[in-house]
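Once you've looked at the hints, dock chain S against the given chain Z.
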Amino acid sequence: MKKIWAVAKNTFKETVRDKLLYALLGFAVLVIAGSLLAGSVSLGQDQRVIEDFSLTAMLVFLLIITLFIGTQLVRREVERKTIYLSLTKPISRDQFYLGKFVGLCLTSAVSAVVMGTIFLIVLYLKTKSFEWVALWAIGALILEIWLLTAVSLLFSSFAAPIASAIYTFGLVLVGHSSLTIWSIAQKSGGFLKGTLEAVYYVFPNLEKFNLRNEVVYHLHPNPTQTVAIILYFVGYTVAVLLLGMSVFRRHEF
Amino acid sequence: MLSIKNLTKTFYQGPAEKTVLSGISFVVKRGQVFGFLGLNGEGKTTTVKIIGSLLFADKGAVKIGQFDHTSADAKQLMGFMPETPQFHTHLTATEVLRYAGELFGLEKPVLDQRIPALLEDVGLSEAADRRVKTFSKGMAQRLGFAAALINEPPLLVLDEPLDGLDPLGRLDFKKLISRLKKQGTTVFFSTHILSDVEEICDEVAILHNGKIIAQGSPKKLTSAKKTLEETFVELVKR
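Chains Z and S supply the protein sequences, listed in that same order. According to my numbering, the first sequence is numbered sequentially starting from 13. According to my numbering, the second sequence is numbered sequentially starting from -4.
Looking at chain Z on its own, in the form it has when it is part of the complex:
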């Protein structure tokens, strides 16, 4: 565990010393703060616009951080040969891979906390009350990003950074269209139905993590839904990590 933590700390340090992260975070904060302006020009829907706009902006910026930083990390270690420093030490490849994952998760969690804090402040300034449900939505968003971090690590363990960013982005598009894919599958037949159903089951259903409607319509989270989200996150992420580790274990450097 200590060795995984050592890699995670190093990964976290590497990402937080990356100027790109600050540029993206700065821009995200500006966009979220700008939702106050967007809300003020809407007709009596300020709060709804702020919530929807900010949560979408958070998802987009956290996704960009994952795509630009996450997909490069392992590949960069291999290309720059810095991986030699780690793998020749008494640490297994699985521990190294998990360390990278934990480090990246820390980076996205800190980024989400920064963005989330700005969002909650903006929301408080508008409503003069604290929206617990917004906190719940931010939590689900972090889980979604962690799942996508595992996916981007998997892709980056065998593909070039640009390719793995494209694959991850493609997976996000499919993952957020899960319900549409399922409904098309139910209206189709034969081969198409089977294919679409396979896509539905194999690709992550990222809509499970989308709680924007709950925030906008002030629907309080129910425990069953929360448990389902957590179990889905754990199951899918563990499966992707296991797959990634089995690919990484076979690599030669």
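Hints listed in this document are in silico derivations from the structure and should not be mistaken for laboratory results. A portion of the hints provided could be inaccurate.
[Stated by the list, open to error] Cross-link-like lysine to any residue pairs, in silico, SDA-like; alpha carbons within 25 Å at most:
| id | chain 1 | residue 1 | chain 2 | residue 2 |
| --- | --- | --- | --- | --- |
| 1 | S | 214 | S | 150 |
| 2 | Z | 93 | S | 158 |
| 3 | Z | 25 | Z | 75 |
| 4 | Z | 21 | S | 49 |
[Stated by the list, open to error] Between beta-carbon pairs, the in silico distance windows are:
| id | chain 1 | residue 1 | chain 2 | residue 2 | range |
| --- | --- | --- | --- | --- | --- |
| 5 | Z | 247 | S | 174 | 51 to 61 Å |
| 6 | Z | 247 | S | 166 | 38 to 48 Å |
| 7 | S | 174 | Z | 76 | 43 to 53 Å |
| 8 | Z | 175 | S | 35 | 27 to 37 Å |
| 9 | Z | 93 | S | 224 | 23 to 33 Å |
[Said to hold, decoys possible] Coverage of chain Z stretches by chain S, computed from C-beta distances (three or more under 8 Å per stretch; other residues unrestricted):
| id | stretch |
| --- | --- |
| 10 | 23 to 35 |
| 11 | 241 to 247 |
By construction, the Cβ of each residue, glycine as well, lies at the ideal position given by its N, Cα and C atoms.
Structure of chain S alone, referenced to chain Z:
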């Protein structure tokens, strides 16, 4: 301390294949300084990378002490420096050594004591808090050497450690190797710079065309009339 038995490695690139190692075997005894010699592209780095578990052998066995070289027990006994060591450029020299030490499970107080001493040994004390990205090739080589020593290993495996070092650096390196030898450390290193090998090695092995073509002490391999360099050239041209 290090035993290599029947090591075979072939690289495939599409339909083309190149056998780099064809069943090489040798043993490095405890406390020895062992030079692994060969021309460029002969498989020295491949052998070193297999020892460091960066590449997988097609056949054969590598043991460090009594352990298989891929095990954590074996790696715990080994200090490793790759050819042209590279580091995370966002870290300082001290942070690089701390990271390397943490991977060995070393505690903070041990590292707090060991890191400044190691940086002093390799002549990097003044650069301790400088980011590695500002380091010259020679400085990176010195830091690589310090990182390989962080666990005070009984076995040191070095790939072309003299590459990139100026004459002063090479002299420092030789002094350090002599000191480690006195402390009982086993040193295995690959090189093609033969002038230094004669001075510091107890034994050498010459790799050519995937096979060990000669092995023994530098004195045994050379004659009164020929230097190791001349003997080496004669052997590989044969």
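Sort out which numbered hints this structure fails and list those numbers smallest first.
As far as the earlier hints go, 6, 11 are violated by this structure, in ascending order.
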